[in-house]
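J.: Here's the letter readout for the chains.
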Amino acid sequence: MEAVAALERDAQLMLQVREGDETSFALLLERHRGPVINFLYRMVQDRAVSEELAQEVFLRVYRSRASYEPAAKFTTWLFRIATHLALNALRDNQKAKGRRSLDHDFGEAIERHVADRQPTIEQELIRNTQLKEIRLAIEALPEKQRAAVLMHKYQGLEYAQIAQALQCSESAVKSLIFRAYQTLRSRLAHMAPGALQDTRTRQPGGAGDR
Amino acid sequence: MICLKDNSQGAEILTDYCAGSLEAIRAAEFEAHLHDCGTCRSQVELQRQVWNALDAWPPVEASPGFDARLYARIESEQKRWWRRAMRGLLWNPLVPAAGAAAMLAIAVLAWIPGEHRAPQPAPSASAEKIDVQQVEQALDDMDLLIPVSQSPRVL
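Line by line, the protein sequences give chains A and B.
Residue 30 is where the first sequence starts when you use my numbering, and the numbers rise one by one after that.
Residue 803 is where the second sequence starts when you use my numbering, and the numbers rise one by one after that.
Same shape as in the complex, but just chain B (with noise of 0.2 Å):
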């Protein structure tokens, strides 16, 4: 047996009942039910007038221009984007010193490579002789220097 009085989900049986979504198999033991109780009964009846009332507020129909002027707002929104975008590029700061930036350094890249990339003369065997005895002279040198205190005592 349901009875709205007793049941903790009455307002929910109630508010299905009427809308016609409660399970079959409850809404026909809920009818049952009605036969014998009138509290239960006066409340379906109020909630079904309430529901009636709602249902005597038409609905609107949209306004002819709707869909235009949501077109027109999406197309007016992504032009805007782009023209933020854009202006946002043109009005940054570091733009143009980027720009100037990477401009210089392509000039520098195209006018130095010469340079860089010009094989270097090989060190000729004189050269390597030189270098050589120049620091065999500077290593006999520094020996030199060493105070006496310092240097390795011979037994």
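One chain only, chain A, in its complex shape (with noise of 0.2 Å):
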């Protein structure tokens, strides 16, 4: 129900975009701008790229505004476009050029949450080898799997919305999510529980980035 009526609130703002109010633009970027950001961050796993896809992201919400109708949830047509821009830059392979980065953000985002929690040398080089094995097993799913369930994981998509910003059926998004589920258990089996849990920031069945 909450959900709905966020949504409503999204089509809303997009309606009043398209009238000319700024102010709605400037909500709905407040509201959107970190799941798109992260979104795309995981996807093409280097920060600068993603802060430049979430940026034509936008710009085409703002310049589709004129011809925005609400016949889609907003969030699906959003996550349409940021899966639509990744994939192609996925394609255009611009990530490897990001690769540097990737490393130099992924050793940052750790330094900040050792130092907010003042673990032990051994358990920070533990969790920086976990969280480099999470990053390698979703790098390693094919493009559609890892949008599916990057969707599915942390935007908390359901199955339909997802099927709409990938553009093909529930079933074949059932399928690409269910199929990179089982490769990330092959591959993130050997991870410890225990050791996880200091790293964790959300409970498990939580609302990922949302």
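The set of hints was computed from the structure by calculation and includes no laboratory data.
Note that CB positions come from ideal geometry on N, CA and C, so glycine has one too.
It is possible that part of the hints are untrue.
[Said to hold, decoys possible] For the chain B half of the interface with chain A, some residues (derived, Cβ under 7 Å), not all of them: (1) Ala813; (2) Leu848; (3) Val852; (4) Ala855; (5) Pro861; (6) Val862; (7) Ala864; (8) Arg875; (9) Ile876; (10) Leu911; (11) Trp913.
[Claimed, not checked] Counterexamples of contact, computed for chain B against chain A with all Cβ distances above 12 Å: (12) Arg828; (13) Gly867; (14) Arg889; (15) Ala902; (16) Met905.
Using the hints, put the two standalone chains together into the complex.
T.: Here you go:
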């Protein structure tokens, strides 16, 4: 119910943007900037590229304001644009250029985390290794599986929404997601659950970046 | 009983259960089954591990200048659009030609109306008479020109 209300709010805001209300665009940006950047970051695994793509996403939203019709949920539409751009970027092999900055970003994220909780050097090394494994496991997934599983896990989108974003059937999306989780289960199974407890920022079944 | 092995929707049940999105009734049914089925239990444990592992990937924050950069791009795009529209107008060879034609049309309309709108002198009665006579004369002349062979026979 809350989700429905939130979606209606987004659509309303977008309709106001269509009428020339710049404040509504700022509100939409405020609400969706984080999820879009994080989705793109996990897709392309490069911070600079993900911000650039996120800019393009919101630029396209703004450009499309005049023709916007709330036919689909706003988040579905938004993630459809984001997925399209991410898949294109991956196909253009832009991520290869950002490999160095990925490691830099990754180090930064760990550094922040370490500073907050002050773990031992050993814990820090374990965490570093685990996060790299997670990143590599996601990166190793085929592009569409990656997009589908990221939207499912971190954005909490429903199968139907992911299907619209990826422009395929709901059953195809389910197949993509289940195969992705199956691959991840086999790749990440060796990671001890206890060791992950310290690095966890959310509870299982939580809302991800939403 | 819900067993992942025997269920065509096993993967969906496992995913939804660990994501917390399985309907309450089905989740309770599945939990009851987990007490007796070691295979399903280990599947759930593995999926939970993955779910938790993915949680360990911290989200990133947008860089401080993100919004400012976006608004600058929007503004420059709008300016570019105007510039392009204006340039399109100025460089289109049809535009000066159309302008010149419009000016010419205005000048002509401003100058000629006096002639067009000047009341024509009413034809005098004598002129009308002459015209009628001329027409009658012409018709008579035409009758004379018809060959004998084509003239109507008089019986």
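J.: The structure should be examined with respect to each hint, and the outcome stated for every one.
T.: Here is what the structure says about each hint:
The criterion of a C-beta within 7 Å of any C-beta in chain A is met by B:Ala813, whose closest approach is roughly 4 Å, and the hint holds. Against a cut-off of 7 Å between C-beta atoms, the interface hint on B:Leu848 holds, since the closest Cβ of chain A lies about 5 Å away. For B:Val852, the interface hint holds, the least distance from its beta-carbon to any beta-carbon of chain A being 5 Å, beneath 7 Å. Because the beta carbon of B:Ala855 sits about 5 Å from the nearest beta carbon in chain A, less than 7 Å, this interface hint is met.
Taking 7 Å as the C-beta contact cut-off toward chain A, the hint placing B:Pro861 at the interface holds, the least distance being around 5 Å. The criterion of a C-beta within 7 Å of any C-beta in chain A is met by B:Val862, whose closest approach is roughly 5 Å, and the hint holds. The interface hint given for B:Ala864 is met, as the beta carbon of that residue sits about 5 Å from the closest beta carbon of chain A, less than 7 Å. Nearest Cβ of chain A to the Cβ of B:Arg875: about 6 Å, under the 7 Å cut. The hint holds.
Checking B:Ile876 against chain A: minimum C-beta separation of about 6 Å stays under 7 Å; hint holds. Among the interface hints, the one on B:Leu911 is violated; its C-beta lies about 39 Å from the nearest C-beta in chain A, farther than the 7 Å criterion. For the restraint placing B:Trp913 at the interface with chain A, the shortest Cβ-Cβ distance is roughly 45 Å, beyond the 7 Å limit, so the hint is violated. For B:Arg828, the requirement that its beta carbon stay farther than 12 Å from each beta carbon of chain A is met, with the minimum near 15 Å.
At the 12 Å boundary, the C-beta of B:Gly867 falls inside the reach of chain A, the nearest C-beta of that chain being 10 Å off. The beta carbon of B:Arg889 is kept farther than 12 Å from every beta carbon of chain A, the shortest such distance being approximately 20 Å. At the 12 Å boundary, the C-beta of B:Ala902 stays outside the reach of chain A, the nearest C-beta of that chain being 35 Å off. Here B:Met905 stays apart from chain A, with its beta-carbon at least about 35 Å from theirs, past the 12 Å limit.
In the structure shown, a violation is registered for the earlier hints numbered 10, 11 and 13, in ascending order.
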